[in-house]
Amino acid sequence: MINNHSYILPDKKTKIIFSEKILTYMFSLAQNKPYMTESGGQIFCKNPDDANIIIDEITGPYPTDKRSRYSWIPDVKQMSNDRELLFGKGFYIAGLWHTHPELKPKSSSKDRMTGQKHLQLLDPVYKGFLLITMGNGGKFPILSVEYLERKNYQWHTLISN
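For the sequence shown, counting from 1, position 108 maps to 156 in my numbering; every step adds exactly one.
Hints in this document: simulated from the structure, not taken from any laboratory. Note that the structure is a prediction, hence the values are computed from the model and not measured. For glycine and all other residues, C-beta sits at the position ideal for the given N, C-alpha and C. Accuracy of the hints is not assured; some may be wrong.
[Unchecked claim] Below 30 Å or equal to it, Euclidean Cα-Cα: the simulated DSBU-like pairs (lysine-lysine) are:
id: 1; residue 1: Lys-187; residue 2: Lys-69
id: 2; residue 1: Lys-137; residue 2: Lys-63
id: 3; residue 1: Lys-137; residue 2: Lys-81
id: 4; residue 1: Lys-61; residue 2: Lys-114
id: 5; residue 1: Lys-94; residue 2: Lys-81
id: 6; residue 1: Lys-199; residue 2: Lys-81
id: 7; residue 1: Lys-175; residue 2: Lys-94
id: 8; residue 1: Lys-175; residue 2: Lys-154
id: 9; residue 1: Lys-125; residue 2: Lys-158
id: 10; residue 1: Lys-114; residue 2: Lys-60
id: 11; residue 1: Lys-63; residue 2: Lys-152
id: 12; residue 1: Lys-154; residue 2: Lys-69
id: 13; residue 1: Lys-152; residue 2: Lys-69
id: 14; residue 1: Lys-165; residue 2: Lys-114
id: 15; residue 1: Lys-199; residue 2: Lys-165
id: 16; residue 1: Lys-60; residue 2: Lys-125
id: 17; residue 1: Lys-125; residue 2: Lys-154
id: 18; residue 1: Lys-137; residue 2: Lys-187
id: 19; residue 1: Lys-175; residue 2: Lys-81
id: 20; residue 1: Lys-61; residue 2: Lys-154
id: 21; residue 1: Lys-60; residue 2: Lys-81
id: 22; residue 1: Lys-125; residue 2: Lys-187
id: 23; residue 1: Lys-61; residue 2: Lys-165
id: 24; residue 1: Lys-60; residue 2: Lys-199
[Unchecked claim] Label pairs and their computed distance ranges (CB to CB):
id: 25; residue 1: Gly-186; residue 2: Asn-100; range: 35 to 45 Å
id: 26; residue 1: Lys-61; residue 2: Tyr-201; range: 17 to 27 Å
id: 27; residue 1: Glu-132; residue 2: Lys-165; range: 16 to 26 Å
id: 28; residue 1: Asn-100; residue 2: Lys-137; range: 12 to 22 Å
id: 29; residue 1: Ile-56; residue 2: Gly-185; range: 35 to 45 Å
id: 30; residue 1: Ile-56; residue 2: Ser-157; range: 31 to 41 Å
id: 31; residue 1: Val-173; residue 2: Pro-111; range: 12 to 22 Å
id: 32; residue 1: Lys-152; residue 2: Ser-119; range: 11 to 21 Å
id: 33; residue 1: Lys-60; residue 2: Pro-111; range: 13 to 23 Å
id: 34; residue 1: Ser-156; residue 2: Ser-208; range: 20 to 30 Å
id: 35; residue 1: Met-84; residue 2: Arg-198; range: 31 to 41 Å
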C-alpha cells in the first residue's frame, strides 16, 4: 500500500500532499524496464490557498505524446483541453510531472524551463508551480519535487515531510 507523500513549501507553512491515487498512478508508469518510455502530464488541486494543498487529479500521458526512453514531448493541445475541462470542475493546475529512467531523478534545465514557461502563462494569482520528476527504482520510486516561486522565479527542492 502506498501512503500519501507530503512536502513543505518555502514559506514553511504550506504543505503539498500527494494522494494515494496520484502516487499509485504515477508509480505504475515508472521506467523500470529498458523498453519503457518517459511519461508525463499535469497535476491539479482544488484548494490552492489552503495550508494543506492536496494533489488529487492527474493527466497524461497521451497516445499522441512523442515519447522515447529519454524524452517526453506532450500533446500540448490535449494538455490544454484537459486543463479547460478540469478548470470547469473547480480544479487548479499545480504543476507538471514526468518520469526519468534513473534511480535518483534530477530535472534537466529543459524541464525547469518548461515549468517556468507554464507559470508565466498562468494568472498572476498563482504563487508558484511544481515540477515532479519520478525515478525508476525500488518498490516506491523516488520523487524529485521542485517548486518555482513566482515572486523571484527561484527553484526550490522540496523535502518530504
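Going through the hints against the structure:
1. For the given pair, Lys-187 sits about 16 Å from Lys-69 by alpha-carbon distance, which is consistent with the 30 Å threshold.
2. Restraint check for Lys-137 and Lys-63: satisfied, since their Cα atoms lie roughly 23 Å apart, inside the 30 Å limit.
3. For a cut-off of 30 Å, the pair hint linking Lys-137 to Lys-81 is broken: about 36 Å separates their Cα positions.
4. With a C-alpha separation of about 38 Å, the suggested pairing of Lys-61 with Lys-114 is violated against the 30 Å cut-off.
5. A C-alpha spacing of about 34 Å is found between Lys-94 and Lys-81, which places the hinted pair above 30 Å, so the restraint is violated.
6. At roughly 40 Å between alpha-carbon atoms, Lys-199 and Lys-81 are farther apart than 30 Å, so this suggested pair is violated.
7. For the proposed pair Lys-175 and Lys-94, the alpha carbon gap of about 15 Å is at most 30 Å, so the pair holds.
8. As the CA atoms of Lys-175 and Lys-154 are separated by approximately 23 Å, the hinted pair is consistent with the 30 Å bound.
9. Only pairs whose Cα atoms come within 30 Å are accepted, and Lys-125 paired with Lys-158 is accepted, the gap being roughly 20 Å.
10. For a cut-off of 30 Å, the pair hint linking Lys-114 to Lys-60 is broken: about 37 Å separates their Cα positions.
11. At roughly 23 Å between alpha-carbon atoms, Lys-63 and Lys-152 fall within 30 Å of each other, so this suggested pair holds.
12. Straight-line distance between C-alpha atoms of Lys-154 and Lys-69 comes to about 23 Å, which keeps the hinted pair within the 30 Å bound.
13. This hinted pair checks out: Lys-152 and Lys-69 have alpha carbons roughly 22 Å apart, not beyond 30 Å.
14. As the CA atoms of Lys-165 and Lys-114 are separated by approximately 19 Å, the hinted pair is consistent with the 30 Å bound.
15. A C-alpha spacing of about 15 Å is found between Lys-199 and Lys-165, which places the hinted pair at or below 30 Å, so the restraint holds.
16. Restraint check: the Cα-Cα separation between Lys-60 and Lys-125 comes to about 35 Å, which exceeds 30 Å; the hinted pair is violated.
17. About 27 Å separates the Cα atoms of Lys-125 and Lys-154, which keeps this hinted pair within 30 Å; it holds.
18. As the CA atoms of Lys-137 and Lys-187 are separated by approximately 33 Å, the hinted pair breaks the 30 Å bound.
19. The suggested pairing of Lys-175 with Lys-81 is violated, with an alpha-carbon distance near 37 Å, which exceeds 30 Å.
20. Proximity of Lys-61 to Lys-154 is assessed by CA-CA distance (about 25 Å); at most 30 Å being required, the pair is judged to hold.
21. In summary, the hint linking Lys-60 to Lys-81 is not supported, as the alpha carbons are separated by about 37 Å, beyond the 30 Å threshold.
22. Among the hinted pairs, Lys-125 with Lys-187 is inconsistent with the structure: their alpha-carbon atoms are about 34 Å apart, more than 30 Å.
23. At roughly 26 Å between alpha-carbon atoms, Lys-61 and Lys-165 fall within 30 Å of each other, so this suggested pair holds.
24. At most 30 Å may separate the alpha-carbon atoms for a hinted pair to count; Lys-60 and Lys-199 meet this at roughly 16 Å.
25. About 26 Å separates the C-beta atoms of Gly-186 and Asn-100, a value inconsistent with the hinted range of 35 to 45 Å.
26. At roughly 21 Å, the beta carbons of Lys-61 and Tyr-201 sit within the given window of 17 to 27 Å.
27. For Glu-132 paired with Lys-165, a C-beta distance near 18 Å keeps the hint of 16 to 26 Å intact.
28. Checked against the hint of 12 to 22 Å, the C-beta distance between Asn-100 and Lys-137 comes to roughly 20 Å, which is consistent with it.
29. Between Ile-56 and Gly-185 the CB atoms are about 25 Å apart, so this pair departs from the stated range of 35 to 45 Å.
30. Between Ile-56 and Ser-157, the C-beta spacing of about 25 Å breaks the proposed range 31 to 41 Å.
31. For the pair Val-173 and Pro-111, the beta carbons lie near 33 Å from each other, so the given range of 12 to 22 Å is not met.
32. Checking the proposed 11 to 21 Å range against Lys-152 and Ser-119 shows it holds: the Cβ atoms sit about 19 Å from each other.
33. Checked against the hint of 13 to 23 Å, the C-beta distance between Lys-60 and Pro-111 comes to roughly 41 Å, which is inconsistent with it.
34. The supplied range of 20 to 30 Å is met by Ser-156 and Ser-208, whose beta-carbon atoms lie about 21 Å from each other.
35. Our hint of 31 to 41 Å for Met-84 and Arg-198 holds, since their Cβ atoms are close to 34 Å apart.
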